[in-house]
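> So the sequence lines, in the order shown, correspond to chains A and B.
Under the working numbering, the residues of the first sequence are numbered 11 to 210, in order.
Under the working numbering, the residues of the second sequence are numbered 11 to 210, in order.
It should be emphasised that the hints constitute simulated quantities derived from the structure, not laboratory data.
Mixed in with the good hints, there may be bad ones.
Identical copies look the same in the list; a pair holds intra-copy or inter-copy alike.
[What the hints assert, rightly or not] In silico SDA-like pairs for lysine to any residue, Cα to Cα no more than 20 Å straight-line:
1) 44 x 124
2) 166 x 184
3) 141 x 129
4) 195 x 125
5) 141 x 131
6) 141 x 178
7) 110 x 125
Protein chains: 2
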Amino acid sequence: MERTYITIGRQFGSGGREVGKKVAQALGIPYYDKELLAVAAKESGLSHQFLQAYDERPTNSFFYSLVMGQQNLLVGAQNVTVEQLAAKAQRDAVQSVADKGSCVIVGRCADYLLRERGGLLRVFICADWDKRIDRVCRRDGLGQKEAEEKLRRMDKTRAAYYSFHTDRKWGAAETYDLCINSSRKGPDATADLILSFIRG
Amino acid sequence: MERTYITIGRQFGSGGREVGKKVAQALGIPYYDKELLAVAAKESGLSHQFLQAYDERPTNSFFYSLVMGQQNLLVGAQNVTVEQLAAKAQRDAVQSVADKGSCVIVGRCADYLLRERGGLLRVFICADWDKRIDRVCRRDGLGQKEAEEKLRRMDKTRAAYYSFHTDRKWGAAETYDLCINSSRKGPDATADLILSFIRG
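Next comes chain A alone, as it looks inside the complex:
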C-alpha cells in the first residue's frame, strides 16, 4: 500500500493537534507533535529539554550559538545558532519517522520537508479568533488579555520559523492542499473531512 503523510500546520489554539490525533487514530498510523522531540533527542544526542526550549522557534541571527563544543561536534558545524541546531535535529527526525511509514505530523515544516514524497497531504487548521481565545484561556489557565497576547506571539513565532526554513508562506492557502476553519464544524467533522479528502 502507498504511504500516506498528513502534515498539519495550525494556528495556535485552533485545535489542530486534536484534529491530527483523530485522523491518525482513524487511519491507524502514528501521530507526531511533541512526540517528535523524543525522536529528535534520541537520534541527535541533544537533550529533550534543549529541543523543547527551541521547538519551532525562529533563528535569531544576533544570538550565535551558546551551545558548547560537544553539540557543535555532533552536527559537525561551527557558528550555528542554537535554534539552527534544534531545527536540524527536528528536520532529521521528520525524515526519520517518514522513512518508517505513514504518519501524521503536526508543525515543524513537515509539509515542506516531505514535499518530494508521494502520498503527501498538506493540511492547515485555523479557527475563529474568539474560539481560539476561549480554548487557550481554558487549556492554559490564562485570562483573556494574556491569551490574546500569547496567540499573537505564537502565530508570529510559527510564521517566522516556517518562513526561515522554507520558501513558502505559513498560513497562505496556496501553501497547503486543504485548509479548514475548525470552528465551523468542530474537531470530529474537521477530521472526517480530511479523511474524505484522502479516501475520495
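Dock chain B against the given chain A, drawing on the hints supplied.
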C-alpha cells in the same frame, strides 16, 4: 429552510469557476460570477461594458473619476473614482441577489459583504502553479510566458481589490472556512468536498 450562501474566492486559473458551478448545480441554487455584472448593470443604471472594464479592479487613487455628471448623480457622490463606482454597483448587486435566496457567488468580496448573514460558507480555491499555467494557456490561447504574466497580474489585482474593500487578506487560510487545492482531486471531487462540508 435556512439560506445557504457559498462564496468562492479563487486564484486565477485555479478552476474556481468550474467548482462553483458544480456546487450550485448540485444544490439547485443560482450561480453568480460574471452573471453579477448583468444584475449590477440593471440595478445601477451603469452599462455592462463599463462594469466589465472595472470588474474586480483595485481603486487607483491617482485617477479620479472620468465618469461624468450623469453617473455621479446616480450614486449621489462627487470625486469618486470609476473603480469605486463600479465596486459600489457590484456590492449592491451581491446584497441584492443574496436577498433573493441561497446562491453561489464567485469573487467580488462576497465573503466579506455577506459576513453578517447566517448560512455563509467562505471557500477559496487554489491550484498548483503548473496546472494553472496549463489551464490559462489552453483556455485563453496564450503561450507559457504570457500565461505566467497574466497569472501574476490577475492574482495581484484580485488581492489588491480584496484588500481595498475589506479588512482581511485575500488568499490567507484564516479569511475562509475552507480552502482547497483543486489540483489534488480535480473539480468534481473538490465540489463534492464542499458539499460534504455543507451537509456534514
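> Any of the earlier hints contradicted here, and which numbers?
No numbers; nothing is violated.
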